[in-house]
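Chains as they are written, first to last, in my numbering: chain A, 7 to 537; chain B, 20 to 441.
The set of hints was computed from the structure by calculation and includes no laboratory data. A quick note: this is a predicted structure, and the numbers were derived from the prediction, not measured. Even for Gly, the Cβ is constructed at its ideal location relative to N, Cα and C. Watch out, some of these pointers could steer you wrong.
What the hints assert, rightly or not - Heads up, incomplete: computed chain B residues facing chain A, CB under 10 Å, no partners named:
id, residue
1, Ser77
2, Pro133
3, Leu146
4, Leu373
Claimed, not checked - No more than 20 Å apart at the CA atoms, straight line, and that leaves these computed lysine to aspartate or glutamate pairs for EDC-like:
id, chain 1, residue 1, chain 2, residue 2
5, A, Lys57, B, Asp374
6, A, Lys80, B, Asp375
7, A, Lys80, B, Glu38
8, A, Lys57, B, Glu399
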Amino acid sequence: MQLTVWTYEGPPHIGAMRVATAMEGLHYVLHAPQGDTYADLLFTMIERRAKRPPVTYTTFQAQDLGRDTAAIFKDAVAAAYARFQPQAMIVGASCTAELIQDDPGGLAKALALPIPVIPLELPAYQKKENWGASETFYRLVRALAGAPGERAPRDGRRPACNILGPTALGFRHRDDLIEVRRLLEGLGIAVNVVAPLGATPADLVRLGEADFNIVLYPEVARSAAQYLEKSFRQPFVDVVPIGVGATTRFVEAVAALAGVDPAPILANAPSRLPWYSRSVDSTYLTGKRVFVFGDATHALALARVAAHELGFKLVGLGTYTREFAREVRAEAALHGIEATITDDYLDVEAAIQAAAPELVLGTQMERHIAKRLGIPCAVISAPIHVQDFPARHSPQMGFEGANVLFDTLVHPLMMGLEEHLLGMFREDPEFHDGAAPSHLGRGPSGIADAVERAPKTPPLASAPVPSPIQIQGSDAVRTAPWAPDAEKELKKIPFFVRGKARANTERFARERQLPLITLETLYDAKAHFGR
Amino acid sequence: MNAHAPLPSTECGVSVRAEHGQRAVFCGLTGIVWLHRKIQDAFFLVVGSRTCAHLIQSAAGVMIFAEPRFATAIIDERDLAGLADMNEELDRVVTRLIERRPDIRLLFLVGSCPSEVIKLDLSRAALRLSRRLAPDVRVLNYSGSGIETTFTQGEDACLASLVPELPEAATTDELLVVGALADVVEDQFARLFSDFGIAARFLPARRAGQMPPVGRGTRFLLAQPFLADTARALEERGARRIAAPFPLGAEGTTEWLRAAAEAFGVDPARFEAVTAPGLRRSRQALAAYAEKLAGKRVFFFPDSQLEVPLARFLSREMGAELIEVGTPYLHRGHLAAELEWLPDGTAVVEGQSLDDGLDRCRLARPDLTVCGLGLANPLEAEGLTTKWSIELLFTPIQGYEQAGDLAELFARPLERRARLEV
Numbered sequence: 007m008q009l010t011v012w013t014y015e016g017p018p019h020i021g022a023m024r025v026a027t028a029m030e031g032l033h034y035v036l037h038a039p040q041g042d043t044y045a046d047l048l049f050t051m052i053e054r055r056a057k058r059p060p061v062t063y064t065t066f067q068a069q070d071l072g073r074d075t076a077a078i079f080k081d082a083v084a085a086a087y088a089r090f091q092p093q094a095m096i097v098g099a100s101c102t103a104e105l106i107q108d109d110p111g112g113l114a115k116a117l118a119l120p121i122p123v124i125p126l127e128l129p130a131y132q133k134k135e136n137w138g139a140s141e142t143f144y145r146l147v148r149a150l151a152g153a154p155g156e157r158a159p160r161d162g163r164r165p166a167c168n169i170l171g172p173t174a175l176g177f178r179h180r181d182d183l184i185e186v187r188r189l190l191e192g193l194g195i196a197v198n199v200v201a202p203l204g205a206t207p208a209d210l211v212r213l214g215e216a217d218f219n220i221v222l223y224p225e226v227a228r229s230a231a232q233y234l235e236k237s238f239r240q241p242f243v244d245v246v247p248i249g250v251g252a253t254t255r256f257v258e259a260v261a262a263l264a265g266v267d268p269a270p271i272l273a274n275a276p277s278r279l280p281w282y283s284r285s286v287d288s289t290y291l292t293g294k295r296v297f298v299f300g301d302a303t304h305a306l307a308l309a310r311v312a313a314h315e316l317g318f319k320l321v322g323l324g325t326y327t328r329e330f331a332r333e334v335r336a337e338a339a340l341h342g343i344e345a346t347i348t349d350d351y352l353d354v355e356a357a358i359q360a361a362a363p364e365l366v367l368g369t370q371m372e373r374h375i376a377k378r379l380g381i382p383c384a385v386i387s388a389p390i391h392v393q394d395f396p397a398r399h400s401p402q403m404g405f406e407g408a409n410v411l412f413d414t415l416v417h418p419l420m421m422g423l424e425e426h427l428l429g430m431f432r433e434d435p436e437f438h439d440g441a442a443p444s445h446l447g448r449g450p451s452g453i454a455d456a457v458e459r460a461p462k463t464p465p466l467a468s469a470p471v472p473s474p475i476q477i478q479g480s481d482a483v484r485t486a487p488w489a490p491d492a493e494k495e496l497k498k499i500p501f502f503v504r505g506k507a508r509a510n511t512e513r514f515a516r517e518r519q520l521p522l523i524t525l526e527t528l529y530d531a532k533a534h535f536g537r
Numbered sequence: 020m021n022a023h024a025p026l027p028s029t030e031c032g033v034s035v036r037a038e039h040g041q042r043a044v045f046c047g048l049t050g051i052v053w054l055h056r057k058i059q060d061a062f063f064l065v066v067g068s069r070t071c072a073h074l075i076q077s078a079a080g081v082m083i084f085a086e087p088r089f090a091t092a093i094i095d096e097r098d099l100a101g102l103a104d105m106n107e108e109l110d111r112v113v114t115r116l117i118e119r120r121p122d123i124r125l126l127f128l129v130g131s132c133p134s135e136v137i138k139l140d141l142s143r144a145a146l147r148l149s150r151r152l153a154p155d156v157r158v159l160n161y162s163g164s165g166i167e168t169t170f171t172q173g174e175d176a177c178l179a180s181l182v183p184e185l186p187e188a189a190t191t192d193e194l195l196v197v198g199a200l201a202d203v204v205e206d207q208f209a210r211l212f213s214d215f216g217i218a219a220r221f222l223p224a225r226r227a228g229q230m231p232p233v234g235r236g237t238r239f240l241l242a243q244p245f246l247a248d249t250a251r252a253l254e255e256r257g258a259r260r261i262a263a264p265f266p267l268g269a270e271g272t273t274e275w276l277r278a279a280a281e282a283f284g285v286d287p288a289r290f291e292a293v294t295a296p297g298l299r300r301s302r303q304a305l306a307a308y309a310e311k312l313a314g315k316r317v318f319f320f321p322d323s324q325l326e327v328p329l330a331r332f333l334s335r336e337m338g339a340e341l342i343e344v345g346t347p348y349l350h351r352g353h354l355a356a357e358l359e360w361l362p363d364g365t366a367v368v369e370g371q372s373l374d375d376g377l378d379r380c381r382l383a384r385p386d387l388t389v390c391g392l393g394l395a396n397p398l399e400a401e402g403l404t405t406k407w408s409i410e411l412l413f414t415p416i417q418g419y420e421q422a423g424d425l426a427e428l429f430a431r432p433l434e435r436r437a438r439l440e441v
């Protein structure tokens, strides 16, 4: 049993819904009580889809238990087939129906419908949303892609690929797909099938016609791609093209598989990010302490972009996708830090607090945490929120995606000169602790709000903290007290690095067993630790 | 699957038909979204699956910026396989929770579909934990499971669980107003009852330690139409229900107040004097929307059990035409006055068969469709104007001063459609 305040992923049947809703001509019959119908609103309200998800819920009730839940399921399958006439169906159970063990697959099979009916086994007490999406997509591909056949010889024909992974309710999947198609078009590569997003079951039958596969989101599509590699000898590319470096590697990998020349696309300065990052106004970004948390795909990609393309310093990296823990740990090790692998929001909160970052790149949950701690934040990953479906084109992938990321990561930060002035003239009344980056205004923006409240609740200070989270370090008791003038001087340090300065100074004093932290100690510690 | 033949009408002229099939209604866990703000030192711990956690979070969570006073103890395979003792696990989770939130005085263990199916005895767990955490924290339990409750029935189950815990009232006559109301609405009603000379208390109170007493002398007035179990529990404690319509709109509010006033022998002249200013203001506020709503054809999908009183308000006070009034459950006793007020021949449908309901709605092309969050955008995309019903639970709509706001909630989608040129 796990205490959960917020959850990063839904149950696995939500993953199955993301696949089903992305597709056309597929229907999902879910053995589930009425409460589970809330899932519709994820798609109709959060993603603002214009159609209900193609899902029939059996909505059995307590009075049906032990009597005729199986009959209810069979009736629901028959009625859904009659009404929606899908090309194929998937059937399965949600957490409650899993407990009553009605065998949806067997019941549906007994109806002998004239279409493929694919049973899903999604263990709800063990697995989660992304696994559910991956398993569903894999089962669909396995069931529908058919027997391996001979591909038409390449001569005279454009190389063709499938794009695998984009789903409904995916973080920027809609826009990423546009960018990836643009890259492929530039390379002269045809797109055979995109799946699940926009594909029909009939399209999945044609998957084998492509020369290779592109896995956009390994969480969703890697197992399907591995299956296709094994049974259709289709190689796949799973470089996630987020950031200039990764996009370049993606283009090169794809070009190599397709036997085309990547040089023309890479030649003409396809992204503004490199120059913007080199432009001297970006100097102030150097070594900004950043904490990255999200699904594995986005956390890994953003860690690399932050460190190598913006010159930030990675002080935290983590994911809630346990299936990809190994990759994330390896990446964290490259940055000399230990990865935070957890789906417990409270652990993430503690890790962020301990790392004292100047910028958080996370999910909507980390946005809450950052807001409370008064740290700027940009959202880079699901779990999804209505704000993650902007009206404008806003990809993360490809060269345009890199442009978007530059803006996304830099926008929440205070600009260089402003930061300097704030550091120099601490007693200017408008430059108080909580002064927000001036370009963010004083409107209802989350960041500005949080920062403005910050003086009242100094989040990183070890002074009384109103939030219920325990500040780390029981050895705080052994720390020397601060002399009043040192304490006052500390307040002149911008609040987002003050916690670090305080901690360093106290550590410095502790190590030297100093009885009192004076002005001298503060500056000795500063010299000792550097920035 | 569906009973298409109308059942024999009730004593009033309304046709009530039961429908069975796929439902599209939240489960009772959803009530936590407003209850956890209403009782300021209560915490709601759902004992359920990841789905339960995801449901509450999706229905409300990401919109709430403060740390919520709800959480889920997610059952995992170790619990189900018997590798972990669920009661020990629950105790461990509760201990961690109480350490983190020492401000909590009342903890609800909320049952879910999975906990009901595996027959996890939360009432025993609540007793055990109550003994351990006394006197700082009281632990109660109720079920918000979707196999037993829909949406607002969660509030009913929660309040019903409070009733046996209420202190015994002295014999003097007291009025108990039952059902979670916005604080501002509660304060307005408290002033009105006080002006009548009636001592009124509210259930739930805003703090766990201030729950009202109940006893043989208590007479209670339901502020919400979905409180069947709570009413039964109060009656078991000897309290008597005052039959009344619900305080929606000028007329509903007046008759709701009048029922209480008559039960307590308030002088009619005093009643008129006390209610006159509110009544005047509510009529004035409603007049602003009368033109926008008059003659509008309205279709209600089943959702909150507020449908019948809302339909009555739209029909009688705003002149709207009712095509169909769907409701997940119909408590004929508590809604008797409301049903009587519906126009003859109004089609009331109890229960749901989603796709059939959608067919009827599309065929009728109503001017305004009141429905749940899952249906609103798809219907809008088909050119229908919708009002999502959950907002009617999250907005102060009861009483005189909110009558205009209630009308505005229905008028806004129409107004918006008229404004937009894109």
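Taking the hints in turn, this is what the structure says about them:
1. For serine 77 of chain B, the interface hint holds, the least distance from its beta-carbon to any beta-carbon of chain A being 6 Å, beneath 10 Å.
2. Hint status for proline 133 of chain B: holds, given a least beta-carbon distance of 6 Å to chain A, under 10 Å.
3. At a threshold of 10 Å, the smallest CB-CB gap from leucine 146 of chain B to chain A is about 19 Å, leaving the interface hint violated.
4. Evaluation of the leucine 373 of chain B hint against chain A yields a held restraint, the C-beta minimum of about 8 Å falling below 10 Å.
5. Annotation: proposed proximity of lysine 57 of chain A to aspartate 374 of chain B holds, straight-line Cα distance about 13 Å (limit 20 Å).
6. At roughly 18 Å between alpha-carbon atoms, lysine 80 of chain A and aspartate 375 of chain B fall within 20 Å of each other, so this suggested pair holds.
7. Among the hinted pairs, lysine 80 of chain A with glutamate 38 of chain B is consistent with the structure: their alpha-carbon atoms are about 19 Å apart, no more than 20 Å.
8. Taking the CA atoms of lysine 57 of chain A and glutamate 399 of chain B, the gap is about 10 Å. The hint holds against a cut of 20 Å.
Checked against the numbered hints given earlier, the structure breaks only hint 3 and satisfies all the rest.
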